[in-house]
Amino acid sequence: MTEQDRTNRDWFNQLYAEQYPLLYNHACWYLKNLGITGGLTEELAHDGVQLTFSAAWQRVESLREMAWVNAWLFRVLRNKLSDLIREELRLYGLRQRLEAAQPGAEEDGLAEVDFRLLLAQHLTPEEQELMQRIYLNGERPADLCREMGLKRSALSMRLRRIREKLKKYLD
Amino acid sequence: MSEQVLDHRSAKEKERLLGMNLDELNALLLQVSELPEFAQKDAYIQGILEVMQQKSENPYGLTREDILAEREDFWESYCELRSEAEADIVPESPPISTSSPEKPKKKPMIRFLRGIAAAAVVAALFCGIVGAFGSNVLHVVMRLGKGSVVFAPAEKPQGEPHAFEDLYNILSLYSELPLVPKENPMDATASSVCTGKDIYGFYIDATYLCEKGTVGFSYHFYETADQMPRAECQVNEGELQLYKADGTSFYIFQNLGQTSIVWFVENVSCFIWGDFSVEEAKQMVDSLY
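Those protein sequences? They're chains A and C, same order as listed.
Each residue of the first sequence is one higher than the one before, starting from 1232 at the first, in the numbering used here.
Each residue of the second sequence is one higher than the one before, starting from 303 at the first, in the numbering used here.
Heads up, some of the hints might be wrong.
The calculated SDA-like cross-link candidates involving lysine to any residue, where the alpha carbons are at most 20 Å apart (straight line), are [unchecked claim]:
| id | chain 1 | residue 1 | chain 2 | residue 2 |
| --- | --- | --- | --- | --- |
| 1 | C | K546 | C | E581 |
| 2 | A | K1382 | C | L370 |
| 3 | A | K1263 | C | E336 |
| 4 | A | K1399 | A | L1349 |
| 5 | A | K1399 | A | R1317 |
| 6 | C | K316 | A | L1253 |
| 7 | A | K1382 | C | K484 |
| 8 | A | K1382 | C | E359 |
| 9 | A | K1263 | A | M1232 |
| 10 | A | K1263 | C | S379 |
| 11 | C | K484 | C | V580 |
| 12 | A | K1382 | C | I369 |
| 13 | A | K1382 | C | L324 |
| 14 | A | K1263 | C | K546 |
Calculated from the structure, these hints are not laboratory results.
Taking the hints into account, I'd like the entire structure generated from these sequences.
Right under this line is the structure:
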């Protein structure tokens, strides 16, 4: 690691420690205001913030010269959350409709798809359980990580892979 | 922009932000981020974030250990997401500094104060934004006129003190439109003029001192009228007046004891704000022509 790399990393570590709580809190607030509840709020907020910092790390040199770094991070976070929500919308919308149990209220033709059936048909038993606990039971990802001995990022990666897997069946 | 002006302006605006709770600040942040681009938008976003940081509220119970664990996690997993991050990074607007690139970097406090001061102009646009959520709101949509002015950037003055008359001269470099009152409002004395670029064009902000306090001018020049945003203002009912002069609509409203005038003409969005009355605002408008 060069001296420059070390300097960048130190600067970035400080930025991360200072800005993580603000970004995470805003992400949670934003998602809750959209009506997303339970463990999914934390999961998406966590993923959005980490992806934001990932983008920031790719541009650490130019970011260090920037006047409004926090504002930039915030703007990127909003974009990341929008992307995540877009991906999530169908799955989450489906779950909401199942909860509301109002057949015929569908707008995109997905209401007839049974969420549990979808999981059962296309996921392994472990994946099904994970999805049910996060999406249906609203359990907190942090609690699941502790129970399963997983790192937070590992859980997020796992969930992302599952969502990818399901995406094609929702299109 | 002088520190004297900044202190005066920032104290009020900062006090307003500090008086908000975290929910209100989050709502404001969301509103600001969804507004069309304007001069000092990033400065204002940063100003709000810094006030949120000062409040040190922790609604989701994050501990220092949590943050360090997340950071460790980041280095192990997320920092390697290069391709994904690069593919979808594009923010709503480029990560521009609101200053010209060649401009020396300001000290953080000055940057914050300047952001807050300039943002007061914008804050006037959504005065009562938090309190007005969902009730008793007069919703005004200002549509922009057609036509355009030739965009011909000239040598732009930066940061030097200017007499009020200079603002007229500076703006006349960019447009022949009547943008500045011909008479010096309230005998405003010397201040400074600040210019900068953003992705849509450039802006000119000027703040002057007068006997009653401050009067500020902010003009945003878009390259073409097509790029003009449609601004939506939420103001408390009864506090907005439509005033017409020379066929142009001027919106006059008050917020936190200050008065603002907002109007659009061809490819320029204009704000005048400060410590003057509604009557004086109308006189200023009349004196444009």
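Hint by hint, here is what the structure shows:
1. C:K546 / C:E581: The hint holds at about 14 Å.
2. A:K1382 / C:L370: 13 Å, holds
3. A:K1263 / C:E336: 18 Å, holds
4. A:K1399 / A:L1349: Holds, at about 11 Å.
5. A:K1399 / A:R1317: Between K1399 (chain A) and R1317 (chain A) the Cα gap is close to 14 Å, so the pair holds against 20 Å.
6. C:K316 / A:L1253: 18 Å, holds
7. A:K1382 / C:K484: 66 Å, violated
8. A:K1382 / C:E359: 26 Å, violated
9. A:K1263 / A:M1232: 41 Å, violated
10. A:K1263 / C:S379: 26 Å, violated
11. C:K484 / C:V580: Holds: K484 (chain C) and V580 (chain C) sit about 18 Å apart, inside 20 Å.
12. A:K1382 / C:I369: OK: K1382 (chain A) and I369 (chain C) at ~13 Å, within 20 Å.
13. A:K1382 / C:L324: With a Cα-Cα distance of about 30 Å, the restraint between K1382 (chain A) and L324 (chain C) is violated, given a limit of 20 Å.
14. A:K1263 / C:K546: Violated, at roughly 43 Å.
Of the numbered hints given earlier, the model fails hints 7, 8, 9, 10, 13, 14; all others are met.
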